[in-house]
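Undergrad: Okay, here's what each chain looks like letter by letter:
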Amino acid sequence: MTAYIVGLAALPLAGTLAALLGARARGAGYTAIGASIVSFALSIGLLVRIVEHGPFLALNGFVYIDGLSAFFLMTITLVVALASFGSAAYLRSEEARGELSGFQVRLYFTFFGLFAALMLGSLCTGNLGLLFVLIEASTLASAALVGLEGKPTSLEAAWKYVIISSLGVTIALVGTLFLFYSASALHLTGNLRLTWPYLFHHAAALSAPSLRLAFLFAVIGYGTKVGLAPMHTWLPDAHSEAPSPASALLSAALLNTGMYAIIRFVALASVGLGDTYVHNVLLGFGFASITVGVLFMVRRGNFKRLFAYSSVEHMGIIAVALGFGGTLGLYGALLQTLTHAVGKSVLFLSSGDVVLGYRTRDAGRVRGLLTALPLTGGALLLGSFAVLGSPPFGVFLSELTIVRAGFAAGTPWLPVFLLLLLLVAFIGFARTTTGMVFGVGDVTDPRAPYPNRAARLIAAVPLVAGLGVLLMLGLWIPTGLDTAILHAIRAVT
Amino acid sequence: MQSLTATSLAGVLLDLCGVLILLGAFACLGSKLFNRYIAYYGMQSVVLSVAAAVVAYRFDSTPLWILAGLTLAVKGIGIPTAARRLLIKRLDLKRDVAMSTGLSTALIIGGALTAFAYLVIRPQLLPQGLVASAVVPLSTAVILLGALEMVVRRHTVAQLIGWLIVENGVFLGAITLVATFPFIVEAGIFLDLVAAVMIMVVFVSGLTRQLAEASAGELRTLRG
Numbered sequence: 001m002t003a004y005i006v007g008l009a010a011l012p013l014a015g016t017l018a019a020l021l022g023a024r025a026r027g028a029g030y031t032a033i034g035a036s037i038v039s040f041a042l043s044i045g046l047l048v049r050i051v052e053h054g055p056f057l058a059l060n061g062f063v064y065i066d067g068l069s070a071f072f073l074m075t076i077t078l079v080v081a082l083a084s085f086g087s088a089a090y091l092r093s094e095e096a097r098g099e100l101s102g103f104q105v106r107l108y109f110t111f112f113g114l115f116a117a118l119m120l121g122s123l124c125t126g127n128l129g130l131l132f133v134l135i136e137a138s139t140l141a142s143a144a145l146v147g148l149e150g151k152p153t154s155l156e157a158a159w160k161y162v163i164i165s166s167l168g169v170t171i172a173l174v175g176t177l178f179l180f181y182s183a184s185a186l187h188l189t190g191n192l193r194l195t196w197p198y199l200f201h202h203a204a205a206l207s208a209p210s211l212r213l214a215f216l217f218a219v220i221g222y223g224t225k226v227g228l229a230p231m232h233t234w235l236p237d238a239h240s241e242a243p244s245p246a247s248a249l250l251s252a253a254l255l256n257t258g259m260y261a262i263i264r265f266v267a268l269a270s271v272g273l274g275d276t277y278v279h280n281v282l283l284g285f286g287f288a289s290i291t292v293g294v295l296f297m298v299r300r301g302n303f304k305r306l307f308a309y310s311s312v313e314h315m316g317i318i319a320v321a322l323g324f325g326g327t328l329g330l331y332g333a334l335l336q337t338l339t340h341a342v343g344k345s346v347l348f349l350s351s352g353d354v355v356l357g358y359r360t361r362d363a364g365r366v367r368g369l370l371t372a373l374p375l376t377g378g379a380l381l382l383g384s385f386a387v388l389g390s391p392p393f394g395v396f397l398s399e400l401t402i403v404r405a406g407f408a409a410g411t412p413w414l415p416v417f418l419l420l421l422l423l424v425a426f427i428g429f430a431r432t433t434t435g436m437v438f439g440v441g442d443v444t445d446p447r448a449p450y451p452n453r454a455a456r457l458i459a460a461v462p463l464v465a466g467l468g469v470l471l472m473l474g475l476w477i478p479t480g481l482d483t484a485i486l487h488a489i490r491a492v493t
Numbered sequence: 001m002q003s004l005t006a007t008s009l010a011g012v013l014l015d016l017c018g019v020l021i022l023l024g025a026f027a028c029l030g031s032k033l034f035n036r037y038i039a040y041y042g043m044q045s046v047v048l049s050v051a052a053a054v055v056a057y058r059f060d061s062t063p064l065w066i067l068a069g070l071t072l073a074v075k076g077i078g079i080p081t082a083a084r085r086l087l088i089k090r091l092d093l094k095r096d097v098a099m100s101t102g103l104s105t106a107l108i109i110g111g112a113l114t115a116f117a118y119l120v121i122r123p124q125l126l127p128q129g130l131v132a133s134a135v136v137p138l139s140t141a142v143i144l145l146g147a148l149e150m151v152v153r154r155h156t157v158a159q160l161i162g163w164l165i166v167e168n169g170v171f172l173g174a175i176t177l178v179a180t181f182p183f184i185v186e187a188g189i190f191l192d193l194v195a196a197v198m199i200m201v202v203f204v205s206g207l208t209r210q211l212a213e214a215s216a217g218e219l220r221t222l223r224g
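Chain order of the listed sequences is A and B. Following my numbering, the numbering of the first sequence begins with 1 at its first residue and continues without gaps. Following my numbering, the numbering of the second sequence begins with 1 at its first residue and continues without gaps.
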């Protein structure tokens with residue numbers, strides 16, 4: 001079982017290995033796709049096993065899987081699979097045009113695999129110290145992806161990203177230290193005092209003042225990675241400057257990994273400090289993020305920045321859902337991590353096609369996408385409506401659950417305020433994307449984004465598959481998924 | 001776990017190390033030469049490794065001895081040498097003038113932050129009375145001073161040093177607050193630190209080549 005889990009997390013390294021052995025975009029791309037599909041299948045198998053047999057713990061808690069981590073593993077491996085398809089097509093196109101050198105392509109696949117493996121690894125550990133180490137390492141691997149193109153703007157974004165995130169995650173380390181310290185009275189050995197299931201079991205006995213510090217530092221520290229306002233400033237730059245498939249991975253996988261770390265601390269603090277305090281902190285950060293995200297979404301301009309601010313908004317919604325609490329709130333939060341991840345992957349991957357076709361990231365210079373690139377235009381349109389929470393897509397269902405949780409929590413003006421913000425987001429966001437898809441204007445016709453039919457097909461797979469998943473989640477939640485989410489909730493309450 | 005009281009010899013030595021590390025952070029904040037930043041950081045790290053050695057001796061713990069050695073090798077010698085070779089010499093950096101406040105203002109803010117750290121981290125915040133010494137507020141002050149350095153300095157190299165000072169502050173807190181932190185985690189943190197410095201050095205050199213002067217103040221293309 002341990003080998004199974006380690007193998008699952010290490011599989012994306014196959015792409016890294018291929019790139020290090022000198023494969024070009026084609027070979028490394030196919031390797032990454034194959035490995036990510038296998039690891040997605042393995043994660044489903046793991047989820048089934050955990051739901052049936054309960055949590056799994058090995059190696060002194062350094063390997064630990066429960067319902068929550070199995071659910072996040074499924075989400076992240078799905079995103080990695082979608083992004084692998086996108087990467088294979090995008091990098092082939094860039095390589096064929098000579099925009100990226102062979103070295104840069106190999107660098108991309110090296111760090112893409114490393115980044116994915118580190119994120120999966122951080123979901124597989126129950127040791128909060130190791131969680132910090134892996135999350136910090138994934139920051140560094142993804143920073144290389146952000147700065148890949150080597151232009152002044154991408155280096156600037158990468159610098160900002162690495163320095164802000166490293167500082168943030170260092171704060172999370174301080175939180176982890178305080179958590180360790182708060183367990184002094186428990187007489188556990190060093191390792192166990194950092195092992196989440198033990199801490200959760202004894203959460204009521206943790207010393208409250210240091211647990212409070214630990215919780216706050218962790219929310220601020222990992223919140224920097226999640227992009228909670230006001231620690232979100234790196235996020236739009238990094239997302240807009242990274243190659244689009246890497247942006248998809250940042251937005252849909254990295255942010256969720258940070259949220260996963262926060263949920264672990266939330267679970268401890270809810271028991272040790274009581275729900276009210278924890279909920280208020282999360283609601284504060286959540287509403288701040290939604291407001292900031294929404295306000296910046298009204299601006300027109302770079303469409304990848306628009307999607308990035310939408311990620312800030314969605315992470316805020318998830319924090320608010322956790323803040324509403326209760327089974328309903330957690331259910332909404334977890335469902336939202338899945339639906340947002342898929343929706344944002346579709347958006348960023350289709351934005352990759354746009355960038356390749358028009359060679360611009362300025363929304364004003366993209367017009368008539370539906371006629372020029374029908375599939376991309378359609379995916380962008382449907383994807384943006386899906387992400388904005390219109391039926392019949394999955395995000396509608398998860399946001400509905402969150403609003404219901406808000407009413408159930410007994411503060412009716414909060415969900416009303418949330419709905420108001422979502423409305424503004426809808427207007428600001430849809431104004432830009434519908435303009436790109438339907439608008440007419442004197443813009444130059446785009447080039448074909450992909451050099452050959454195979455690349456075109458590979459690029460189409462994640463768009464169609466992602467939209468299919470979103471549509472399915474909006475119409476009907478499979479029984480297995482429902483059980484898995486309920487199981488994940490039970491793991492942290 | 002046994003307590004580390006302020007009156008014991010180890011406690012006094014630890015306090016002394018903490019004060020020296022704080023002074024190092026202040027010296028960095030008050031300096032204007034890139035060479036000096038690196039020198040002060042190196043000195044601070046050497047003192048940090050002494051502090052780790054004191055705790056290791058007090059608790060007779062092999063992992064902490066290894067940690068003290070690692071600190072000396074990586075932070076005290078490795079990173080300063082690499083930074084001097086790869087950044088200062090190769091990019092020909094001398095005087096750092098890009099600051100968003102005056103030097104004296106920065107120092108005054110630094111003093112205020114130190115006082116703040118003392119006022120906030122009171123003993124009652126740390127209930128089980130493990131650390132009777134002043135090291136925890138000192139390390140908090142070092143973290144804040146490092147963050148201040150990152151804020152007021154605009155040059156990327158200075159920001160890098162600021163982050164390393166924050167890291168030192170965290171480490172100082174860690175060795176006193178939680179002497180039995182699992183070694184494997186500490187080793188992982190070290191690995192991250194080295195990788196982070198390597199990646200940052202690459203970005204700093206890239207930015208310097210592109211912008212002639214890699215001052216984060218000039219990094220203002222990406223906004224909104």
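Hints are computed from structural coordinates only; laboratory data are not their basis. Bear in mind that the values here come from a model prediction, so they are computed numbers and not experimental data. Glycine included, C-beta positions come from ideal geometry on N, C-alpha and C. Check each hint, because a few of them may be wrong.
Stated by the list, open to error - 27 Å max Cα-Cα, derived DSS-like pairs, lysine-lysine:
| # | chain 1 | residue 1 | chain 2 | residue 2 |
| --- | --- | --- | --- | --- |
| 1 | B | 32 | B | 89 |
| 2 | B | 94 | A | 151 |
| 3 | A | 151 | B | 89 |
| 4 | B | 32 | B | 94 |
What the hints assert, rightly or not - Residues of chain A clear of chain B, computed beta-carbon distances all greater than 10 Å:
| # | residue |
| --- | --- |
| 5 | 137 |
| 6 | 159 |
| 7 | 163 |
| 8 | 170 |
| 9 | 291 |
| 10 | 410 |
| 11 | 449 |
| 12 | 454 |
| 13 | 493 |
Undergrad: State for each hint whether it applies.
TA: Cross-check of the supplied hints:
{"no.": "1", "hint": "B/32 x B/89", "result": "16 Å, holds"}
{"no.": "2", "hint": "B/94 x A/151", "result": "26 Å, holds"}
{"no.": "3", "hint": "A/151 x B/89", "result": "24 Å, holds"}
{"no.": "4", "hint": "B/32 x B/94", "result": "9 Å, holds"}
{"no.": "5", "hint": "137", "result": "6 Å, violated"}
{"no.": "6", "hint": "159", "result": "5 Å, violated"}
{"no.": "7", "hint": "163", "result": "6 Å, violated"}
{"no.": "8", "hint": "170", "result": "6 Å, violated"}
{"no.": "9", "hint": "291", "result": "16 Å, holds"}
{"no.": "10", "hint": "410", "result": "32 Å, holds"}
{"no.": "11", "hint": "449", "result": "24 Å, holds"}
{"no.": "12", "hint": "454", "result": "34 Å, holds"}
{"no.": "13", "hint": "493", "result": "27 Å, holds"}
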